[in-house]
Amino acid sequence: MLPNDEEQLTDRELDAILPAWKAPMAPVRMRAAVFPGGSRPWWTRLWSASVHVPVPVACCVALLLALAAWRWATPRTVYRDRIVLPAANAGADPSQLRPVTELRLRIVRSADVSN
Amino acid sequence: MTPENAFDQHHQAVYSFAFRLTRRADVAEDIAQECFLALVRAPHRYDPARGSMKLFLFSIARNLALKHYRDDRPGEPYDEGFQPAGIDPRQSLDVASAVASAVASLPELQQEALILFEYEGVTLEEIAQIVGADTGTVKSRLHRARERLRRVLVEYRKVGNAHAAK
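One line per chain: the protein sequences are A and B, in this order.
At position 115 of the first sequence (counting the first as 1) the number is 560 in the numbering used here, and the numbers step up by one without a gap.
At position 138 of the second sequence (counting the first as 1) the number is 1301 in the numbering used here, and the numbers step up by one without a gap.
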């Protein structure tokens, strides 16, 4: 039940009472909720950064990486041998050419060739 | 003004406003967060020509509090027709809770006008802008709110005099 109309506070009394009702302080966690990145430097945010990739894409990428690693780790054998002939003597007189008395084949692997 | 600057300057005022409207710390926190998230998501929605950042944030907070009110009390109108019973001072442990109860007993539209004017220092013109009413209406709501509080809080006259004497 309300008091009589005659019984009431003056404006001054009311103004004095109203400030008694204080609001609590805003929680500190509010900032983190609004700005998840906060004011941290970009390089610290990298540690918590994430990339969402669909599972099939991730599987394909993993398979390709595994294949590339296997290819890189396995030594490749080159069978392309070549016959090294003596360099032709550009200034030789054709009349002085003699038939080859002995033909010797020398197989040099590509890995041994310096150039 | 960046959203971070706006947060630093106004988060306490927005939180206090939401708390006094809802009288629940958890709801006030949600409302204040939503206000600033709305600003972060769409900063272009704030037009400095239409008022200060504080008024913009108060408008969002008011709408969210209104939504909370409607969700909590479906079917009950948010207007001045609602006349709750007077408070019983014996249930109030101190003057602070008595004031809180007395303000809570006001019709919603009077409540928000009183809270914005008395506690947040918003002018009548700015309140009119926030609540979408004309200044005369806001002035009338504020007058009726104070009139009612003067009667409801009469039991605390001594406390008021003590505060006034300080």
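Check the hints yourself; a few may be wrong.
[As the list claims (entries may be wrong)] For the chain A half of the interface with chain B, some residues (derived, Cβ under 7 Å), not all of them:
1. Q453
2. V473
3. A478
4. G482
FYI, nobody ran anything at the bench for these hints, they're computed from the structure.
For glycine and all other residues, C-beta sits at the position ideal for the given N, C-alpha and C.
> Hint numbers the structure violates, sorted upward?
Replying inline: Of the numbered hints given earlier, those the structure breaks are 2 and 4, listed in rising order.
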